[in-house]
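Participant: Heads up: the sequence shown is residues 1 to 706, going by this note's numbering.
Each hint should be verified, as a subset may be incorrect.
[Stated by the list, open to error] In silico DSS-like cross-links for lysine-lysine, where the CA-CA straight-line distance does not exceed 25 angstroms:
(1) 210 with 188
(2) 643 with 603
(3) 536 with 492
(4) 27 with 210
(5) 481 with 605
(6) 554 with 603
(7) 304 with 603
Keep in mind the hints are simulated off the structure, nothing from the lab.
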Amino acid sequence: MAKRWILFLGTVLMLLSGCCKGRTRGKKFLTAFLLNLRESQPNAKFELLITAHRPATTVTVTINEPNFQKIISLSEGHTVSVQLPTSTEMQGTGIYDSTVLIQANKEISVLCHSHKDYSTGATVLYPDHQLGQLYYVVTPVDDLPHSFKEFAIIADQDPTQVNIHLKGPVTFKRKVYPAGSKLVIDLKAFQVIQLQSTEDLSGTRIESTKPVAVLSGHSCAKKFTSCDHVVEQLLPVPNWGTTFIVPSLSYQNNFDVAYVVASQNTLITYQSGVKEKSHNLVAGEVFQIALTSSEPLYISADAKIQVLSFFTGATTGNRSYTQLLPLVSEAPEGSSIYDPFLINIPSLASYCRQYHVYEMKQKDNYIVIIANTSESSQIILGKRAIENVHWRPVPGTDYSWAELLLGSEAKALSVEHPTSPFGLLIAGGSYRDGYGSVALCSCRLSSSSSEKPQELPLTTPVKKTKESLLYPYGTDQGDAKNPKADDGSSPKISTDVSFPFYGKDYHYLYVDNNGVISFGMTLPEFAFTPDPLPLKDGPPLIAPFWGDVYTPIKGEVFWRQTWDFNLLKRCTEDINQFFPEISFTAAWAFIATWDNVAYYGSKTKKVNTFQVVLTTDGELSFVMFNYADIQWTTGTASGGNAKTGLGGIPAQAGFDNGDKVNYYIMPGSRTSDIINIAETSNVNSPGFWIFQVDQIVSGVSTDCYF
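Start from the sequences and build out the full structure, keeping to the hints where you can.
Facilitator: So this is what it looks like as structure tokens:
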């Protein structure tokens with residue numbers, strides 16, 4: 001718990017310092033303030049911490065009731081605190097007009113902070129383009145009297161009807177709605193409903209006719225220490241992930257709890273220590289896994305899941321919490337108390353390469369790093385290599401984790417890796433206070449070829465649907481199909497126009513089941529494990545996802561060449577959008593699609609869907625990679641795990657001229673980070689990559705994705 005809110009300010013500046021793959025960066029945000037502790041608790045303080053990411057940023061904060069508006073101006077990288085009326089807090093179950101609307105003319109990040117004496121809660125906010133229509137609630141369980149499990153649903157500018165399928169009882173407008181019942185609510189624009197219960201509400205399903213924001217938590221959650229307000233803005237189901245690592249904290253002397261939520265029948269495989277376990281979740285189930293200080297948790301699922309970590313409180317020194325009672329205002333010498341917090345754990349696909357940490361004034365501040373083991377030595381803290389850090393393996397994965405105590409005077413630190421995404425969590429606190437959050441990535445452009453590529457204007461990235469990302473494909477489009485065979489290939493495909501690639505013109509190609517298009521000849525037989533580029537002996541190739549595909553289990557490989565007017569028009573528009581200095585009109589295109597393909601040795605439902613589009617006007621040529629869904633990286637013949645499709649020698653993406661000199665390797669290739677490729681982009685559009693390939697392979701690489 002926190003009595004001195006000013007100590008919290010320095011910490012949250014760190015949380016607002018960037019954007020996690022663009023997920024927390026936007027121009028419009030909605031939030032509300034759940035009940036913190038008790039209504040009568042003194043010294044209430046509710047605030048927003050807003051960080052600008054562009055010069056000359058103007059932000060307007062508006063609340064309908066109480067009537068409040070504030071306009072502020074920020075310079076790039078500047079963070080400002082906006083204090084809100086204390087009547088903004090919602091007290092009790094009901095519908096309120098107290099939604100906080102934050103709008104800006106340029107991209108910002110926002111953190112929401114609720115403080116009362118001895119209780120602090122905070123959550124990073126997600127912008128409006130991350131909102132959805134299907135959520136599942138998580139409320140940490142305890143038995144503290146006069147406290148509430150609670151959640152809130154916030155309508156955007158459009159009125160919406162919300163169907164709430166309750167897993168615990170609530171009382172609304174003097175009517176009791178028991179567990180298992182459905183509560184239907186109509187919310188007007190920018191209205192918010194808060195629902196509270198003394199019973200667990202975890203697993204409650206929320207469905208709305210329009211996108212909404214959802215906050216979930218507890219008025220004051222207690223386990224091993226005093227209680228603390230915990231709150232997190234939840235992600236909608238489409239934005240969940242399939243693979244997670246939950247690191248443990250060294251100062252936890254009991255155990256923490258990981259909450260795993262499924263939206264459909266899902267098989268999860270998890271490992272904490274040496275033993276691997278599995279569990280079949282039904283739709284709406286919330287599964288709890290205990291987490292000790294010495295054993296991080298690895299979770300993999302065959303469908304998207306949500307994972308939250310509940311820090312249950314801990315004491316430092318040699319005394320237990322009961323030995324420190326009665327509590328005093330200052331920490332006893334040699335001991336401290338960290339109270340509970342809740343973290344929405346990021347999936348591996350949402351890691352990035354660079355983070356910033358700003359002025360932390362708390363007594364104890366920790367960062368927890370999760371990185372690919374082979375890449376961990378290259379992580380830099382404050383422009384220097386990390387020294388005296390103890391990396392510990394995460395069993396069952398290629399990852400390791402490390403915990404660093406930063407102290408109380410760290411300022412403007414960056415944490416980065418030159419090529420490989422990694423995860424970063426922030427945790428710690430002062431006496432009778434606890435905080436934790438996923439860190440927020442910063443965005444940085446970097447060249448991806450030997451020549452400086454065109455720099456594109458950054459916009460708010462929005463994940464396309466599968467239908468809008470992929471070019472039309474399938475037998476109804478006139479596609480041919482590869483045979484369902486292990487390591488199979490198409491027959492020789494003669495193209496009606498020449499395709500320029502690395503300065504040469506090619507007139508025929510092959511589509512390999514294992515995610516490769518080759519020119520002149522097929523891949524070497526049994527090329528199921530991707531050899532590093534450039535190949536010592538192989539054909540010129542384009543590899544959207546070279547891995548051990550096995551269509552006899554599931555999936556199809558489609559391909560066709562086309563002169564369809566509407567499709568060529570789309571190619572032309574895509575190229576001209578991202579290469580505006582080039583005059584290009586597509587005259588021909590070739591589309592190959594790997595649709596819901598399984599991996600060799602699969603014992604799960606995981607499949608990948610990706611596509612490559614080749615297009616040319618006869619002189620200039622371009623390649624587009626479209627990644628709709630990537631759930632596995634490795635077949636068992638390449639050393640992968642049959643249940644997860646991970647590990648071993650993962651897939652590779654890139655280009656090879658075949659001359660052993662000219663080639664291009666996509667970020668994450670042949671590492672576990674290739675699982676992220678559907679959430680990344682070189683043109684700020686997650687899952688979409690585009691390259692000019694007629695002479696050299698050129699493009700733009702960015703951390704500002706998803």
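Participant: Confirm or reject each hint.
Facilitator: Against the structure, the hints:
no. : hint         : result
1   : 210 with 188 : holds, 11 angstroms
2   : 643 with 603 : holds, 5 angstroms
3   : 536 with 492 : holds, 23 angstroms
4   : 27 with 210  : holds, 19 angstroms
5   : 481 with 605 : holds, 22 angstroms
6   : 554 with 603 : holds, 11 angstroms
7   : 304 with 603 : holds, 17 angstroms
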